[in-house]
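K.L.:
With the hints as constraints, model all of the structure from the sequences given.
The numbering of the sequence shown is UniProt numbering, which starts it at 1 and goes up by one.
Take the hints with a grain of salt, since some may be wrong.
Unchecked claim - Okay, the calculated beta carbon distance ranges per label pair:
1) 568 / 497: 21 to 29 Å
2) 383 / 606: 31 to 39 Å
3) 379 / 292: 24 to 32 Å
4) 501 / 251: 33 to 41 Å
5) 493 / 269: 26 to 34 Å
To be verified - BS3-like mimics (lysine-lysine), calculated; alpha carbons at most 25 Å apart, straight line:
6) 568 / 510
7) 30 / 525
8) 496 / 550
9) 568 / 636
Just so you know, the hints here were simulated from the structure itself, not pulled from any lab data. No residue lacks a Cβ here, since even glycine has one placed at the ideal position from N, Cα and C.
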Amino acid sequence: MATPVVTKTAWKLQEIVAHASNVSSLVLGKASGRLLATGGDDCRVNLWSINKPNCIMSLTGHTSPVESVRLNTPEELIVAGSQSGSIRVWDLEAAKILRTLMGHKANICSLDFHPYGEFVASGSQDTNIKLWDIRRKGCVFRYRGHSQAVRCLRFSPDGKWLASAADDHTVKLWDLTAGKMMSEFPGHTGPVNVVEFHPNEYLLASGSSDRTIRFWDLEKFQVVSCIEGEPGPVRSVLFNPDGCCLYSGCQDSLRVYGWEPERCFDVVLVNWGKVADLAICNDQLIGVAFSQSNVSSYVVDLTRVTRTGTVTQDPVQASQPLTQQTPNPGVSLRRIYERPSTTCSKPQRVKHNSESERRSPSSEDDRDERESRAEIQNAEDYNEIFQPKNSISRTPPRRSEPFPAPPEDDAATVKEVSKPSPAMDVQLPQLPVPNLEVPARPSVMTSTPAPKGEPAIIPATRNEPIGLKASDFLPAVKVPQQAELVDEDAMSQIRKGHDTMFVVLTSRHKNLDTVRAVWTTGDIKTSVDSAVAINDLSVVVDLLNIVNQKASLWKLDLCTTVLPQIEKLLQSKYESYVQTGCTSLKLILQRFLPLITDILAAPPSVGVDISREERLHKCRLCFKQLKSISGLVKSKSGLSGRHGSAFRELHLLMASLD
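P.N.:
Pasting the structure below:
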């Protein structure tokens, strides 16, 4: 019998020749972890699909080497800054240049897209930070304060702040609406190369050439902890999506850190040299590095990496959301991003800019845009990645599969692996990796198991449990003259499913306790987020049944979280789930659909109005989700009985979406 194949924790995925000359910058798409953009000394920006050898698209227009590139969150736009100080924005879906932005007097060292509004921040070697409005093609604000090149820029998750790191050894935090510096964080003794916001808490991490990583509290504006002893300059850091730890891409290794107190959870050897960017997808960390004209990509299996202060996760535990594994007391010690509403709309600040930054597009700019091209090099990959986004049918989005892990380079293991067929060699390493292709399916530890032979629709009221038969719990008598079973045998037959049911109910109880702990803080949105993160629809249903009783609890940002779950509930085989989904959807349509359509129909605002941009972003997201659900509602409106009546009512309420 063959022994299980031991797979690698980290491995090299591929190496490509990305440009005709040296590669000068690159970035990974953080949403998918599968899109790579590279900038080169050949003045081009090339786009690649990870683990595919051919270039998808080549973007031209810059006349000097591309020093910085950045993708927006949906991976529909890309911005590139050059050595001459010019900035170009391309629309990847339309495959065309969108904007050319001029104003910096030196190299563009850093770029970032605003998470909601159509704004881009740029940092330059001229020490200035500029905020650009892509729609108006102009600089709406300039932030001064650094004395040397600005190496990294990051917007906060709520879009209200901008963090900057520079060669002057400082990190600065800027308030976008007030247009001024909120705080300066000194302490590094070398150039600061990277900053990264915690995804939930008011916490900022910074990495420096002084071989330290510092964590900053954004409420008290003071250092939380400092990690020293990095093997080299810190150039790339990334928080885990749930915020449980920080990954640092070091020289030939990946290090996993906690900050309260500062400690190293794990070190994984990866021969990637100087890694330039990191992304996470399907419980795998993707790292990319470049040398001369070559770009190499690497994968680390995070299911085999210790990410908390307890023990290394096994594959079964790793399939559960990490929020379940870290209910340690005192974990969320600081405030989280609440996205509070703000009235700081100050379009008059545009007047403070110089005339050259406010001038209308000139014929020279128009000529630059005509000379900029988006050359599609691989039509098949381009259509697969970008074109489906133009269609509503793409929702819910396709989930890419994890990269298969190769077997360990061990003589005994390799010899054993050679026995099965080639197909088995590929499949066996996949066994410990959780199946992420169907994210909507609850994990094994769920309160609503799906036994075989169930009816298509399970009624909300029933007299016996679905899928359970009394005969299954009684000893079978095969031969009439067989001696009677003793009491111990009968009890063992009855108890054979006890352990499984106990684990299921214990998990359900733990999940509800987690949600209840957040609910008691009074933050409804976060409690719903935690219920969704658990990936158990029964918990979501329990919570929605409470929220539905009080319509005043509903807010627009809550709708963005709940609507994808409603789409799952409406397709459920459980009648009670469908009823809850219909009730929630009806509340959303009655309270928010007129608001959403009005905001989307309103003309664009002038200047920086972060609160309005947030509302507009949420309305677009809700409209897109409602549009996706409308097709499902229409298809079910022909049903008979109570369900059909509910769906027909919803179909009438959604008529304005067509």
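K.L.:
Run every hint past the structure and note whether it holds.
P.N.:
Hint by hint, here is what the structure shows:
1. 568 / 497: 21 to 29 Å: Check passed, 28 Å falls within 21 to 29 Å.
2. 383 / 606: 31 to 39 Å: Once the Cβ atoms are compared, 37 Å apart, the range 31 to 39 Å for residue 606 and residue 383 holds.
3. 379 / 292: 24 to 32 Å: holds (29 Å)
4. 501 / 251: 33 to 41 Å: For residue 501 and residue 251 the Cβ distance comes to about 50 Å; the hint is violated.
5. 493 / 269: 26 to 34 Å: For residue 269 against residue 493, whose Cβ atoms are near 51 Å apart, the range 26 to 34 Å is violated.
6. 568 / 510: holds (23 Å)
7. 30 / 525: holds (24 Å)
8. 496 / 550: violated (43 Å)
9. 568 / 636: holds (14 Å)
In the structure shown, a violation is registered for the earlier hints numbered 4, 5 and 8, in ascending order.
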